[in-house]
Amino acid sequence: MDKAAEREFSEFVAARGATLLRVAYALTGEQHAAEDLVQTALAKAMLRWTRIRGDAEPYVRKIMYHEHVSWWRRLRHRREVVTAEPPERGSADEDPHLRLTMRAALATLPARQRAVLVLRYLEDLSEQQVADLLGVSTGTVGSQASRALATLRRRLPDLDGTGVRR
Amino acid sequence: MNRDAELDRLVRHTLAGLAAEARPVPLAAAAVLRAKRIRRRRLAAAAGATAVLLAALAIPLNRDHDDQPAPPRPAPSATPSATPSATSFTVSEAPPTLRPVELPGGLTLVAVPGPGDSTWVYDRTTGGYVTVPFADVRPAPAGDLALALSARTGSAVLLDLDDHTVRDLPLATVPAQLSWSPDGRRLLYSDPSVGRLTIIEVTAGQARSRVLPFDAAAHDCPNGGCPAGWTRTGQELAVTSVEGGSLALISAEDGHMVRPVPVDGPIEDACAWSTDGRHAVTNWRIVDTATGATTADLPGTRPALYSLCWASPTDLLVSVTGEVQVYSPTGTLRETIPTTTGAPDGNHKVILGPR
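These protein sequence lines are chains A and B, in that order. This note's numbering puts the first sequence at residues 1 to 166. This note's numbering puts the second sequence at residues 1001 to 1355.
Please note: incorrect hints may appear among the correct ones.
Claimed, not checked - Straight-line Cα separation of at most 30 angstroms, DSSO-like style, residue types lysine-lysine; simulated pairs:
no.: 1; chain 1: B; residue 1: Lys1036; chain 2: A; residue 2: Lys3
no.: 2; chain 1: A; residue 1: Lys44; chain 2: A; residue 2: Lys62
no.: 3; chain 1: B; residue 1: Lys1036; chain 2: A; residue 2: Lys62
Please keep in mind that the hints were generated in silico from the structure rather than gathered at the bench.
Extracted from the complex, chain A is given alone in its bound form (with noise of 0.2 angstroms):
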């Protein structure tokens, strides 16, 4: 890579790391492993870098997103994740508890499925656009969509009916 093109580099990450670090962080759920994966992001985009500058952010977030399911399908045999068990069902209007319960069962989710929620509701991509960045049917992404829902209503029986605080 030339000097001109590093610092292209340097600017892209200086203009667009901030974002794409708290997209990693919604993944991972920890600093340390959001910048892992966003430096493995960065570094591969640099080598390629000759052929996506100019419109490289996509290319970035996609190595993100399925460096995530990689990482993922290799570590969940080997490392224990921690997790909170899910509470005793209490009051409703306690949204510090609910949050917190909710972090703990979007960190139960394979990769895939948290990946398909980060996407679609922090991202607000449509079906397609997930689709395509995860490179499959759009079939899929709905199922991955309503299997991740399905376990999170499943781990949070306060949201009954009763409402939440907002």
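Add chain B to chain A, keeping to what the hints say.
What follows is chain B alone, placed relative to chain A:
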């Protein structure tokens, strides 16, 4: 609102909340190093494949000479030795035009990124700058030690700027995840995945780590997410709870709870406290540590690359590209000090610290 809509709303809010917790860190230097490592590995793999191919071609040729005595094998050129605990690195002169900027409170720019993977570091002995062949250098607030990013391992290493040696740390992380105690003798590593606090003692040429007894559950850190930072005295650590609302000051010695402070947000390091401890910076705002009230929002959005340090009870210094801004506790911009360093163009992090 029905249950599905409520679930949608909660998923959206939780993911947005998670995303907002990401702390901005410099990413480019580490990404560049990682890309170089990937490239090296690919080249090595390609070379290995070529060697295997050549060997495969060579074996049939050698079989023609099986009746001849095998040539003597070359003896190993050297006995492998254990990795030394510290190795030397070369320090060179910095550009003569680079002079330390005099900032309030006896502060200056203690690390300025140089060309490539080098950094110009303030030398407290000579009062000038030297060039060290490392990126992301973070000098200790006192003494001759500094953290840096190793191009070899991609992890943080410890530099001794006095005897020009570098040693690995007892855990693999990056400089941004470690923070210096005010005396420059200890490093804090806060592991967000398990809510664990580790102190690395770096005195007497040694780096030894100890895990601080710390009940993460008692501080509402059930799944990590409780960042911690040093206080201005270095005797305590300020631990953020997941719930927010206050910081728990715990002993840096044995982890016992000292007192809560009504500051809602994480503290990056000792420099984020005013020298009298009355104010602190958290989440890009200045707060009164006695009441928790926000006295000022720092202007604009938090930059990706910056360094800040209180120089006195009333002067907050914020270093951004090309200048240092001096703010009062109520957010009044008192002074802007240009810091043209001669560093290469582009965004880079310049570190503030004591001279």
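- For the pair supplied as a hint, Lys1036(B) and Lys62(A), confirm whether the alpha-carbon distance does not exceed 30 angstroms. holds, 21 angstroms
- Task: Assess, step by step, whether the Cα of Lys1036(B) is no farther than 30 angstroms from the Cα of Lys3(A), and give holds or violated.
- Result: holds, 14 angstroms
- Decide if the proposed pair is consistent with the structure: Lys44(A) and Lys62(A), CA atoms, cutoff 30 angstroms inclusive. holds, 11 angstroms
Violated hints: none; the structure is consistent with every hint.
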